[in-house]
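So the mapping is simple: this note's numbering equals the position in the sequence shown, first residue as 1, plus 170.
Keep in mind the hints are simulated off the structure, nothing from the lab. Note that the coordinates shown come from a computational prediction; the quantities given were computed from them, not determined experimentally. One should not assume that every hint holds.
[To be verified] Calculated lysine to any residue pairs in the SDA-like style (CA-CA distance at most 20 Å, straight line):
hint: 1; residue 1: LYS211; residue 2: ALA189
hint: 2; residue 1: LYS211; residue 2: VAL180
hint: 3; residue 1: LYS211; residue 2: VAL184
hint: 4; residue 1: LYS211; residue 2: GLU182
hint: 5; residue 1: LYS211; residue 2: ASP178
hint: 6; residue 1: LYS211; residue 2: MET186
hint: 7; residue 1: LYS211; residue 2: PHE185
hint: 8; residue 1: LYS211; residue 2: TYR187
hint: 9; residue 1: LYS211; residue 2: MET181
hint: 10; residue 1: LYS211; residue 2: GLN188
hint: 11; residue 1: LYS211; residue 2: THR191
hint: 12; residue 1: LYS211; residue 2: GLN183
hint: 13; residue 1: LYS211; residue 2: VAL179
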Amino acid sequence: MELIMGQDVVMEQVFMYQATTLVGKFHGHLISDKSMSIWIKRVWRQQRGYAPI
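Can you make the complete structure from the sequences, with help from the hints?
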């Protein structure tokens with residue numbers, strides 16, 4: 171269980187980085203990093219079935 175959780179955390183970090191980088195290239199001047207990271211994490215948690223932030 172711990173291993174699965176650990177992998178999930180790593181995948182979240184990779185997903186966050188990729189999504190932030192991709193979005194940042196197109197909308198970096200429109201959306202602040204903080205609000206975007208919160209939005210990405212909220213979407214990630216919804217996809218994983220976690221409670222929304």
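Okay, the hints, checked on the actual structure:
no., hint, verdict
1, LYS211 / ALA189, "holds (10 Å)"
2, LYS211 / VAL180, "holds (13 Å)"
3, LYS211 / VAL184, "holds (12 Å)"
4, LYS211 / GLU182, "holds (8 Å)"
5, LYS211 / ASP178, "holds (13 Å)"
6, LYS211 / MET186, "holds (7 Å)"
7, LYS211 / PHE185, "holds (9 Å)"
8, LYS211 / TYR187, "holds (11 Å)"
9, LYS211 / MET181, "holds (12 Å)"
10, LYS211 / GLN188, "holds (12 Å)"
11, LYS211 / THR191, "holds (14 Å)"
12, LYS211 / GLN183, "holds (10 Å)"
13, LYS211 / VAL179, "holds (12 Å)"
Every hint from the earlier list agrees with this structure, and none is contradicted.
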